[in-house]
Every structure is written in structure tokens, then in C-alpha cells.
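Here is what each chain is made of, one letter per residue.
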Amino acid sequence: MKKRDLTGFAFISPWLIGFAVFTAAPFLATIYLSFTRYNIVTPPVWVGSVNYRRLFTEDELFWKSLWITVKYALVAVPLGVVAGVALAMLLNLPLKGMALYRTLFYLPSIVPVVATTVVFVWLLNPQIGLVNAILQRFGVIGPAWLQDTKWAFWSLVFMSLWGVGGSMVIYIAGLKDIPAQLYEAAMIDGAGVLARTRHITLPMLSPVIFFNLVMGVIQAFQYFSQAYIMTQGGPENSTSFYALYLFYRAWRYMDMGYASAMSWVLFLIIMLVTGLIFRTHKKWVHYGG
Amino acid sequence: MGESNNDSGTWKAVALLAGAVLLFACAGSFSRAEAKRAHPERIPVRFWHMWTAEWKVVVERICTRFNESQDRYEVIPLSVPPGNADAKFMLAVAGGDPPDVMAQWNQVIPNWAEAGLIVPLDELMQPEELQRFNAEAYPIVRKIGSYKNRLYGITTGLNIWACYYRPDHVRAAGLDPDHFPETMDELVQWEDKLVRFDAGKHLQRMAYQPGFYTLYPALYGGGFYDDATGRLQLNTPQNRAALEFLVERRSKFGFDEVVRFESGLNASYGMDWPFISGAYSIAVDGQWRVEQIAKFAPNLEYRTAPIPPPRGGKKHATWSCGNFMIVPSGAKQPQGALEFIKFWSGIANPERAGEFYTWGGWLPLSPAVAASSHYRKYLAEHPQFKVFLEILPSEDVQPTPPVPYQMFLWDRISQAEQSAVRGTLSPADALARLDREMTQELARRKELGHDD
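Top to bottom, those sequences are chains A and B. So for the first sequence, the working numbering puts the first residue at 1; every next one is plus one. So for the second sequence, the working numbering puts the first residue at 290; every next one is plus one.
Hints listed in this document are in silico derivations from the structure and should not be mistaken for laboratory results. It is possible that part of the hints are untrue.
[What the hints assert, rightly or not] Mimicking DSBU-like on lysine-lysine, the simulated pairs with C-alpha atoms at most 35 Å apart in a straight line are: (1) K377(B) / K71(A); (2) K64(A) / K541(B); (3) K603(B) / K675(B); (4) K735(B) / K71(A).
[Stated by the list, open to error] Derived Cβ-Cβ restraints for the label pairs, each shown as a range: (5) P370(B) / A24(A): 25 to 31 Å; (6) P26(A) / G372(B): 18 to 24 Å; (7) V70(A) / L589(B): 16 to 22 Å; (8) H739(B) / A24(A): 29 to 35 Å.
Remember, it's a predicted structure, so these values are computed and weren't measured experimentally. Quick reminder that beta carbons are idealized off the backbone N, C-alpha and C, glycines included.
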């Protein structure tokens, strides 16, 4: 190895060491731990495939939390993409004061999750919350939101739109990259707004949509903080997301082996879903030029 | 020239790396530095607790008193956020740098004892101290702190729940506040007369806020654990009857209506307690409310009474929990920790400790603490507190089952309660599900080699 290479490695060594010690090693250790009984204090005891077998065959809450998480990924991610793209297109219009609007729409996404979540707990309070107060003005008696098994999950989906400003900025950057001559040519050919959106904007934006979709799906499968703060998985496990259940198994019940098995199932699911999205991307993602 | 540049680059990189390592080392040494100590010459006893706000002040007062009484140890308290405290504690023990003593209120003793996270206190105590503790402490104190006949926790404040009621509401409803219901049937009659609806037929005032499910099975002669066999007993007629009573308190007004009514109430501490604002006429709550009412609503007229049992049920039977002290494995100063525990709990000096219990509105460790001059004065000033003290010695006050999967069991019981009181499942079905879930969990644990 050349000295120049050594210099490079020396510069990135803090990150490399951090990655090896705090990410790679625990990641690999969980493979072994998932086949053990382990409580972090006493040494792990090898138990074979018991954790996986019990997980798949007897743990109703595992399947329920997996379904809740899949449902969230299926609903909240596309919803976030649609809202993000729509907002970006609106905020890409050549109107006065647009920079201010973009800032305003982006601001919520830089507010810490915990602060946003606590505010939403109040907004969604059925008796004294702002959401139901507005609904009442239109003669609608709002539901009990976070306390209602039918509405708690949808409340979290609804709340996810609050942070759409983060992806919106990336979409705006993508829109700016679309060559203006494509629109000019289309307009000369008589294409209307819808046709231009359908045949120019969306295809040219598809690499950005693809990126946000992949990241959104991965984040959806790791959804934790909001449910942990707002509902703790309730009422009646209606918001028991996978990562939340995994956390409880690990830190509340000190069942690290079982939680490790759950984490590997989650990892494989994320890999599978991401792989599927990658496999389909050639059909709908268009790289300009 | 190029070689020389490379050399210089390598040295710069090495220097940078060395700088970074130095920085980390400094950060490490800074993080280990304790806050400025009042008695640096003494042996430090690091104490973790989870109290915040007004409670933290009380805890720190007790620590100060301990430090004033000492010439050997200095207790250094640290308030750890309750949400992360358990995980932090486990990691600290696993990492070999735990505190010397921790105050807990979560159901952790069996689980942590089984995992070797905490040490038996009876090993640290002198035989005569242990003997005195076993002879003097209230039965529930011993039950809460013990696992497999070893003492792992010593309580510094017990919690008992009872009925708080508003004589003004009672009189206005044409009832006699001097004759609080003695059976659940009578309580239901009061409920019908005390409840209020607004013009839109929505609940305006609930007559009876029953608290939570685990308080009730003992009143019916039930419970979740059989001490004699060491086995769980979940889906029993007594436990079903208790859950049915709780469900009826909601179903008669409509499950959704009660959820909606309660979600608008901020049931936190201090002035926000809905009983103070008059949202409830009778509310089941813990003894610490006496102290809170004295602080935040000193002019409120209220009284207390035990939760009435069903006809033929048990009086003074309930579930209890408490704040207790544990000593982690690997504690550097276990004897200093024990000194502090004895000081606060009253094992060392009941007369002195009586005052600490009154600061937090806590129930005492033993009749000797209850007989202390401070505690008697407190009772004279707050006669409502006596009801809790009367319940305390009862053998029918039950702890959470002392099993190493206590947290899991607790969560599953809570799920069964939720499903029943929301009307998703009947009480019988909710308890049948609980039974099934626990049977599966026990089978899983057995297969994993746990010795339950």
C-alpha cells in the first residue's frame, strides 16, 4: 500500500473505526445473538432456531406489528411522494414571493421529531384539540384520534405529511434540472399542462421520485419515534409498529436474542422490498440523456 | 520532492489522529468528572433516581439530610429521565460502571434479580438488621422487595389506592357524605345519582373514576398469582367479576363517550387533576394526592374511603406498588448504598425517617415509622391520609406477581383491560386471551431454558 493510501486511510480512520465498532460489529453480532437467549448481562446461551420458530408460528403481535408497518409503508410512502411532488410543482411556479413559501413549507421538516410529535398530541386531542375544533365548525364531530383504535393509525399517517417539506426540496431541485427546451418544444406541439406533466415532468423527475421512494420505504419500516411518544403502540396495539415491538422486546423484556431475530427479519424484509423496487425501476425511471 | 510531500501528509494525518484521540480522552475525563462535591473527602455513593420537578427537590432534600448525618459517605443524586432509566441502568451494569444505588418504581425486581443485575440486600445487611426488618416491615413491603425468598429491594414509599370523594357533589345529589358506600352495589347507586350530562347528553361529570383493573381482583378474593403454588392465575371467576365491574362503569355511559370525556382531561399532577376541577365526584387514586391537594387546592373539601368490596368480598384488599431501592451488581460502594437505604427507609431510625415520608406523601415502611412524631403530626393535619394507612397492614394487599417476566405479564394484563373496557372483547374473552398469551410465553421461556 502506498503512503498516499495510508494518508487517506488515516484521515478517514475515525469514521472507519466508529463504523467498525458501533455499526458493523453489532450488526454481525446480532446474527449470532438471534440464535441465543441473551439479556446483555449474562453470556448468551445458544438455543438454536427457537427465536425464529416462535416468532413465525406463535407470536400474534409479531404478525400484527409487521402488518401495521407494511400498511404504513403502503399508504404513507406513496402519499408522501404524491404530496411532495404536488407541493414542489406548485412551489416551482414563477410567482412573486415563492422563496418565502418554499421556506415556510420546508420549516416543519427541520423541527425535531419529538417537538412535532408533542404538538400533534395536543392538536389531535378530541376535546380540546385544534383539529376537532375546526371540524366542529363544519358540523363534524371529530373522532378520538389517538385514543380510538380505528383512527390512531391514520392519525400517524396524517401526521407524516407534516414532514413532507424535506422531500419537497429535493423534488424542487429535480424540477429545476429539467431542461426548459423540452417544455418549449412540447408547447409548440400543442401539449397542455396535463400532457406536459405526464410526459415531461414526471418522467424527468422519476430518478428523484425513485430516490425518495427507496428512502421513504426504508424509513417507514423503521418507524418508531412518533408511535413511541404518541401512543406507545396503543390503543389495543393498533399502532404497535414493528420497530416499537422490537424495542419493547429488547429493552422492556430484556429479550435481546428474540429482538435480534426480529431485527434480522426486518433487515431481510427491507432488503427484499428495496430489491423489488430496484428491479422495477428500469420500467419507470428515466435518466435524462 | 513528491516523497517528501507524502511524508509530510502522513505526519499531518498522524498528528490529526493523535489530536482526535486526545480530544476523546479529554472528553472522557470531563464526562467522568462529578459535579462539584460538598464533601470531596468522603466516599462517594452515586444514587440514580427518576424523580423530576417538585419530587426531585424532595429527593435532594433527603440526600442533603443524609450527607449532613454522615462523616464517611456522601450521596450524589442524579435524576435520570424515566423513559430511558431502565435501559441506562442495564447498560451501566453491563458496562461495569453502575451507580451504587438506584430508586425504582417499575416492576423490575424478579427480572433483574434473575439476570444478576442486582444484588440481594440480605447479603449486605447484618443478620439482626434483616431479622428486625422482617419482623417490623409491613407484609406488602417484604413482598414487593423479595424474589425467591431473597430481599432485593427496600421500599422508601408505598402506594395504595382508595376513593377520593367530593362531599359538595354528594350533598347536592341528596346523599350523605358521612356514609360512603360499603359495597359495590351501593357505590353503583351513588354513581347513578352523581353523574351529570350536558344539554347535548354528553358526559359533563363522571360519578366514579375507577382507576385501573389490577386494583380490583383482590377485592373479589382473586388476584393474578398463587403464592402457595407459585403459579399464575389469570382467567378465574373472581378476576372476571372484577373486570366485569370495571367494564360496566364504562358501558353504561357508552365506551366512546367515556373515552372522549377522559381524553379532554389532563390527569397529571397538581392543579390539573380532574377531581380538583370537579370532573369526577369520586376518583380512585393514590395517597400522594393528599399532599398534592394540600399544596395546590388547600381549600378543597374532600374525603377518602377504601374502595368498597362486592358483597361477600374482601375489605382492605387491593394491589400495591412502591418506590424501592436496589443495589446493582458491580456497585463500588454497596455498604454506602445500604447506609443510605437504611437512612431513608427508616430501618436505621424510624423517628427520623418519618419526616421524609411526609415530604413526598408516601406510605411508611413499618408501623414504627408510622408512629414517629412527624408522621403522627402529618396524619393529624391530613386526616384523609389515615384511610391509606389503615389498608396498608392488610395481608390482602397484593404486589405484582413476583415472576421474572413481570413486565411482559403487566403489559398483557393491561392489554386485556384495554380490550375489555373499550368493548372490543368481553371480559371473559379478554381474560381467555390473556391466559393463552401467557401460556405461550411460558412455553417459549421454558424452551429457551428459563427457570421460571
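(request) Hint by hint, work out which the structure violates, then give me just those numbers in ascending order. (result) Violated: hint 7 alone.
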